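2 protein chains.
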Amino acid sequence: MNIIQIIEKKKLGYALTQQEIQFFIKGATDGSIPDYQLAALLMAIRINGMDRDETGWLTLAMAHSGDMLDLSVIDGVPVDKHSTGGVGDTTTLIVAPLVAACGVPVAKMSGRGLGHTGGTIDKLESIPGFSTEMGMEDFIAQVRRIRIAVIGQTKDLAPADKALYLLRDITSTVDSLPLIASSIMSKKLASGARAIVLDVKTGAGAIMRTLDKSIELAQVMVRIGADAGRDVIALVTDMDEPLGSHIGNALEVKEAIDVLAGRVQGPLLDVSMELGTQMLIAAGAADNALKARQTLDTMLVSGQGMEKLRELISAQGGDPEVCAQPSLLPQAKVVCDAHLKDAGYIHRMDTARLGYLAQRMGAGRTKKTDVIDPSVGFVLRHRIGDAVAAGDAIATVYARGEEDIAFAREELLQAITILPEPARPLKLVHAIVTPDGIIPL
Amino acid sequence: MNIIQIIEKKKLGYALTQQEIQFFIKGATDGSIPDYQLAALLMAIRINGMDRDETGWLTLAMAHSGDMLDLSVIDGVPVDKHSTGGVGDTTTLIVAPLVAACGVPVAKMSGRGLGHTGGTIDKLESIPGFSTEMGMEDFIAQVRRIRIAVIGQTKDLAPADKALYLLRDITSTVDSLPLIASSIMSKKLASGARAIVLDVKTGAGAIMRTLDKSIELAQVMVRIGADAGRDVIALVTDMDEPLGSHIGNALEVKEAIDVLAGRVQGPLLDVSMELGTQMLIAAGAADNALKARQTLDTMLVSGQGMEKLRELISAQGGDPEVCAQPSLLPQAKVVCDAHLKDAGYIHRMDTARLGYLAQRMGAGRTKKTDVIDPSVGFVLRHRIGDAVAAGDAIATVYARGEEDIAFAREELLQAITILPEPARPLKLVHAIVTPDGIIPL
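Taken in order, these protein sequences are the chains called A and B.
Take 1 as the starting number for the first sequence in this note's numbering and just add one per residue.
Take 1 as the starting number for the second sequence in this note's numbering and just add one per residue.
Isolated chain A, as found in the complex (with noise of 0.2 Å):
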């Protein structure tokens, strides 16, 4: 077999066989074949694209090229649940907790952010402490323990995405649903879990901007899933405006303190508890939805998910104490109101601007070796539909300085946008997909 003749073939749009997506994956994890061949066979998919059984194989090449693990010496379904990236979106420090809080082990491996904001990883660094490298061994029998664990993706999990991914990063070629697809569905089937629930964001600050283009990815993932014999749903829910208030690492963190203490009620919570319904009805712990929605209440009103999240920061060695006085995560140096110039209703937000704001203040990455500043970023005071008047503050700003304060109230200004008349608040779950359909919401 021979590269050029692979790129070639896609190149003309013919689809690949197994053998051949095989042969370019292990080159692509070994090293054997040079970047130039793989950014132009990555290009050739991103404009031709790949047929089902094309993104299946080519997810499972990749999943295999590194170590799959092993998770059935735990008791009961593992059970994952994995966002396609957005801005405010600290679901998995929420449902994770409660989920386990049930008795459903959550064996997860996150990545750190790239982009935007950090993700859960980074996150759960803000917490002083905090550990996420460990070894499988801990990692599973931590699981055992106390049913749940949140550790970054070893090296080698996965490596050929790893390799794969860095250069489409730096080639244009992200955009791609089966790159993307075949990237996420990867490392969720080589981390072992036997259920996995997909929440796939689709608007302004989501990969995936259309709902239409969101549906498509959650359904090809559900189906790779469902081919590699997982059980697998995915909800489609909106990324038109940040999901919870608060952007930025500690102040995620303590969002969802706030949640899992019942101060903080909202779209947050609402998608959270979408996703733990899921969660438990994938695992096997809940017959239907009703029964799953009732077992996450009571674990959130009796404070049993709050005190899983202790548990879990406990054994991670974190100092638990965060859960009961947030101010003992990191603090920014200068925190500052931006005011709104006019009045009105809120229309729109350009989330990707607002995750990009965040990154720019130090809450995110612009290359793998960014330091990430724990403390900074921004928390929202409205939403879109509420009608606001000139002079409000519209954000907080958490900074590490005056010029940071500066350019963030310009930009918040210029990301918002009000006009006179009424607007609604949106819709937060669009669709579920299963692999027998897509149920509209």
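These are computed hints drawn from the structure, not numbers from a lab.
No experiment lies behind these values; they were computed from the predicted model shown.
Cβ atoms here follow ideal geometry from the backbone N, Cα and C, with glycine treated the same way.
Some clues are possibly wrong.
Claimed, not checked - Dumping the calculated BS3-like pairs for lysine-lysine here, alpha-carbon to alpha-carbon at most 30 Å:
| id | chain 1 | residue 1 | chain 2 | residue 2 |
| --- | --- | --- | --- | --- |
| 1 | A | K9 | B | K213 |
| 2 | B | K9 | A | K9 |
| 3 | B | K367 | A | K26 |
| 4 | B | K26 | A | K367 |
| 5 | B | K9 | B | K213 |
| 6 | A | K9 | B | K367 |
| 7 | B | K9 | A | K213 |
| 8 | B | K291 | B | K254 |
| 9 | A | K9 | B | K162 |
| 10 | B | K291 | A | K367 |
| 11 | B | K9 | A | K162 |
To be verified - Per the computed footprint, the stretches of chain A lying under chain B, defined by three or more beta-carbons under 8 Å from a beta-carbon of chain B, are:
| id | segment |
| --- | --- |
| 12 | 27–38 |
| 13 | 164–177 |
Given the coordinates of chain A, assemble chain B onto it according to the supplied hints.
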């Protein structure tokens, strides 16, 4: 400006600006843009194309990436010819001396062959002592003195094209019309000729296999030349069978000598005369095709063309006695005929396969560092349309050993299709493409 944004734009099918094209050509030349980003961009260009403006800007940017040769000190209009490459296509060795004998300056920089058989430079180097390396001053001085010089392209000639070509070859992005056209024309513009005659091959042994695609390539190149203020015309000529009967470097030199000596007529002479006619007209040395043709005939019949070839060989250190005694050229170790099994008429020749056969026997390169064996190749004894009997010799094979002879015999029979019903000889020149339009022939 940012290379990722440029890749993104072409990926989405938008036209690039002149500034963007200049930016990436500069980066390809000085090495500041890594190969993997260039590879992704080349694939996006290959799939999504380039419009007329982009292709012109690309050509100019590549031409100006190195030295722009100034031939203005040479009397008369320096004229160049270029073939897009075919099998048994040795017109330069015939037409360049004939045109120079008419007093028109031929200052030719030629490429080495990659693929198929060798290029003009490889063929000339099969003449004992012949050197194709020369400083620019000596090159121009030789043209002023004897009206002709043929040398290899210097590394300072369109270095951007060299960088991109190397990458295209190994990323399956050679077959792109704007990339082919700009690669050829950037070198022609940089090498300084005021008038350029292009020989665009069409058919089974050409880059462009269909007449439509070949005419399109001719049009694009003629337009680029006209936009750059050069006098450019293209002939679209047949490559559904080898042009000459001799394939291989020294063998092709011998055939050119036979043609200039008046011993051999046929398609190779005919196409050379057509090209020469256009070169004389383009250089202003003849008013019309009839007069140009008569002048060239005189140069051939009087032996002045052959005399010019002797002068060229002497001037560049070669042994001009090869013209009188072609047996002074490198001789193959083993020479054997290949015989036909079937009787009938020759209908088709898989010309690319014949080219690869010569390459495989040692007449061409598969990689840049390969050393060519000048002596090997084969001489076809028949053309398409010929009636043949079982047992007839279809070719004489010149090889390094018995193994190659056996392989060549097998390949020759596979590449040549013989059927019982009569077949017509092929048309040689399909069209002339000028800046004003297409003249079908």
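Taking the hints in turn, this is what the structure says about them:
1. Under the criterion of a C-alpha separation no larger than 30 Å, the hint pairing K9/A with K213/B is consistent with the structure, at around 20 Å.
2. A C-alpha spacing of about 23 Å is found between K9/B and K9/A, which places the hinted pair at or below 30 Å, so the restraint holds.
3. A hinted pair counts as satisfied when its Cα atoms are at most 30 Å apart, and K367/B with K26/A qualifies at roughly 25 Å.
4. With a CA separation close to 25 Å, the supplied pair K26/B and K367/A stays within the 30 Å bound.
5. As the CA atoms of K9/B and K213/B are separated by approximately 26 Å, the hinted pair is consistent with the 30 Å bound.
6. Simply put, K9/A and K367/B have alpha-carbon atoms about 22 Å apart, close enough for the 30 Å limit, and the pair holds.
7. The hinted pair formed by K9/B and K213/A meets the criterion: a straight-line CA distance of about 20 Å does not exceed 30 Å.
8. The hinted pair formed by K291/B and K254/B meets the criterion: a straight-line CA distance of about 29 Å does not exceed 30 Å.
9. Straight-line distance between C-alpha atoms of K9/A and K162/B comes to about 25 Å, which keeps the hinted pair within the 30 Å bound.
10. Restraint check for K291/B and K367/A: the C-alpha separation of about 68 Å exceeds 30 Å, so the hint is violated.
11. At most 30 Å may separate the alpha-carbon atoms for a hinted pair to count; K9/B and K162/A meet this at roughly 25 Å.
12. Counting residues of the segment 27–38 of chain A whose beta carbon lies closer than 8 Å to any beta carbon of chain B gives 5, which meets the minimum of three for the stated coverage.
13. Only residues whose beta carbon comes within less than 8 Å of a beta carbon in chain B count, and the segment 164–177 of chain A has 5; three or more means the coverage holds.
When held up to the earlier numbered hints, the structure conflicts with hint 10 and nothing else.
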